[in-house]
Amino acid sequence: MSYRIGIDVGGTHTDAVLLDEKYQVISETKTPTTADVSTGIYKAMREVIGKSGVPREKIRYAMLGTTHCTNAIVERKRLNKVAVIRIGAPATLAVKPLVGVPDDLRSHLEKYVYIVRGGHEFDGREIAPLDVEHLYRIANEIKGKVDSVAITSVFSPVSKDHELKAAEIIREVLGSGVAISLSHEIGSIGLLERENATILNAAVVNVAKTAAEGFINALKAEGINAKVFFGQNDGTLMNVEYAIKYPILTISCGPTNSIRGASYLAQLSNALVVDVGGTTTDIGVLIHSFPRESSLAVEIGGVRTNFRMPDLVSIGLGGGTIIRIHQDGSFTIGPDSVGYKLPEKGMVFGGDTLTATDVVVALGKAKIGDPQKVAHLDKELLNRIYHQMVEMVEEAIDKMKTSADPVPVILVGGGSVLLPDKLKGASKVIRPDHFGVANAIGAAIAQVSGQVERVFALDELGREKTLELAKKMAIDEAIKAGANPETIEIVDMEDVPLAYLPGNAARVRVKAAGVLSAS
Amino acid sequence: MRLLGKQEIEDIAVGAALLGTGGGGDPYVGKLMALQAIEEFGPIPLLSVDEVPEDALVVSSGMMGAPTVLVEKVPSGHEAKVAFQTLEKYLEKKVFATFPIEAGGVNSMLPLALAAQLGLPVVDVDGMGRAFPELQMVTFYLDGISATPMVIADEKGNVTLLNTIDNLWAERIARSATVQKGGSVMFAIYPMTGKNLKESGIHNILRLEEEIGRSIRLAKENNRDPIEEILQLTNGFELFRGKVVDVNRKTETGFARGTAKIEGLEKYKGETLELRFQNEHLLAKTEDRLLCVTPDLIAVLDSETGLPITTEGLRYGARTVVIGIPCNPKWRTPKGIETCGPAYFGYDVEYTPVEELVKKGATMK
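First to last, the protein sequences are chains H and W. Quick note, in full-length UniProt numbering, the first sequence goes up one by one and the last residue is 519. Quick note, in full-length UniProt numbering, the second sequence goes up one by one and the last residue is 365.
To be clear, the hints were calculated from the coordinates, so they are not data collected in a lab. Accuracy of the hints is not assured; some may be wrong.
Claimed, not checked - Straight-line distance between alpha carbons at most 27 Å, and here's what the computed DSS-like set of lysine-lysine pairs gives:
(1) 335(W) <-> 195(W)
(2) 360(W) <-> 285(W)
(3) 220(W) <-> 399(H)
(4) 379(H) <-> 367(H)
(5) 81(H) <-> 160(H)
(6) 335(W) <-> 399(H)
(7) 96(H) <-> 6(W)
(8) 22(H) <-> 160(H)
(9) 399(H) <-> 195(W)
(10) 399(H) <-> 269(W)
(11) 422(H) <-> 269(W)
(12) 424(H) <-> 335(W)
(13) 156(W) <-> 96(H)
(14) 424(H) <-> 243(W)
(15) 399(H) <-> 285(W)
(16) 165(H) <-> 111(H)
The task is simple: from the sequences and hints, build the whole structure.
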């Protein structure tokens, strides 16, 4: 028997689980998330191993869903010294890199910004030959001054040649110590958004490296020699080498993990997932066992990117949400929360703040802390508050549905005790075992995937053959990422015809995912 | 004359999205171009149409081609300069100012960016007062003004000057040249005199957009309901409030056509609004009566923020307020209705001004 650990860092708690080969939960734990993130991770890891009692040499895998990179970007701290190179002149000069990025972040990133001649048209022709000489001049100028380089070429999702050549030159002059982020490996069509994501990626390379090395060393200190993986925003894993190269893909893996974990625990592949935490309730949609992705541009730390994030609606209701009752009998629910301080501030724990948890305990709907401490509260008023809490969630559920038909709802997260067993719009409400650590389970059971997204001229091969080609490319990527070829399935496929272009051009996106290869 | 800075651009972009009535394309790249141009060249001078001399040469500017290409191969900013120079040489006259062809989407923003780069003022006027999908759907066409001579230019320096027998040929030739140039080009189009512009254009459209954007922004900052102010600014009418319960789209002949159903809330409870769109929202009706139809404007707004929702952004569950805005009187002429009224888009209803439909509805109740 071999085992795996899954850890997921949330805003309030860091959760960990230890699973066996058959994904049975052996032990689980929750600890407060710490400001440095790592300390909380190590603590959760040691606790979950200690509780499990399994032999340490049998722990083969450790999966980590972490907020290190998100925090670094939001706090503008510990960022790399970055050079930004765009390939595309004479096109693109009208919007230079970092225009539209918030000023405080821009001042960190705009010291070495260049636009070089080159790039491609939508059909693969060159806009201009790559200006190799200019790239050598830039390389010599930034040598010793930066430790990370972001390279973005126009239409690199169609042709990556210029990005690869530019990377070669940077590597030749700056040596192997410099990190290089290439846009075609990070984002899709949409130059500015893809470039922003590539720059952010370049900026958090060191943060990711430190986090990964710290985690590996902490495991070693426990006598565990496990293979380490990082969760990414699409619900699949990447190995450490890849995660250090493309840390931006770890952003927003938390909600994805909880949706995937809920899917596994409830054994459903299509449902709504309601994850109630300490501060917020996040509602996502599970389609074919993966989160539905947002079609809108996603902002990270105020920067517009074209990442696909789980499509979520988030409302300010969690276990620690503060309830305020006014003189006239009216009340407000949140949006602020006592967060991880619930065990000291909440009334049922002897504190002085009325929280959502206190309301459900006083109404006898949950057994937490000491119900006597809230027994004196006005039940009729509490009932009205409770109904409004439930309505908030029901309204959010309704927003996320794609039709009026009722759908199964899976309740997960530590705060899900707030909610009843019947919800409007739900065909049934499921509370799986281990609901409190669904996110860590989601991290532990994640698959590995490969994705291809580019513009094809369907007239060349015909639609069928083009899609086959794209599928094969995605499967190859998944194998490269460590998936067992026998388990790989196509989990997502989309082809969108592009208006006003000849040759029947279409943007094709295929994602393949499979179980982690045992070797 | 007054100057437009960054805040004004942000506000105009929101107003443009509202007058874009669900279509017109994402103005994001255009907005960033305008913001960068202001950073480099300073605020953009905006003229009222009365400040343009009658004999001055004014030219509209913008982009044509695939929006997908525009967001990947962002313009150099130099294209418009070359296009304007070419036109000036051909017409043997200096361009006095530029203006947007339409009030919605990316082409509402591009003339602002180009003006800053060219060192020209922008005139507070457009040719639609809203957004429409086809080049002849401009008030200039109603008055028989030709789109050509027009120039299209790419970032590489390739320039094409077209002088065609009619606007249809201009469109046809320009489209194939655009593909060869990489799928997205900048154009200089509808050259005309200050007198023509004053007579045929729709006045004070940028000011209206700016006021709409500002009132939505301030309403959010001060926690006010923005809808009432929007209605006052646009002389508009609240048509409906409700929740989107069904969206049915299909892409036909290059247009995003479809219908959406909105289930009534508050005083509209029990009624269902049917919204028909074709890039833009074009027709709104309940089971028993028509509420608003093109060329009058139909805007779908988020009921909380007042922010406009595009046809692509219509999703099940969205809480919306649907408003109707009277179009410019130029569109209410027989030729105007023939060009972009309900029949042109294949809807089997008679055009009736929104204010009359609203009045009729009130007496029915």
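**Study point:** Hints breached by this structure
**Key:** The structure breaks hints 6, 8, 9, 12; every other hint is satisfied.
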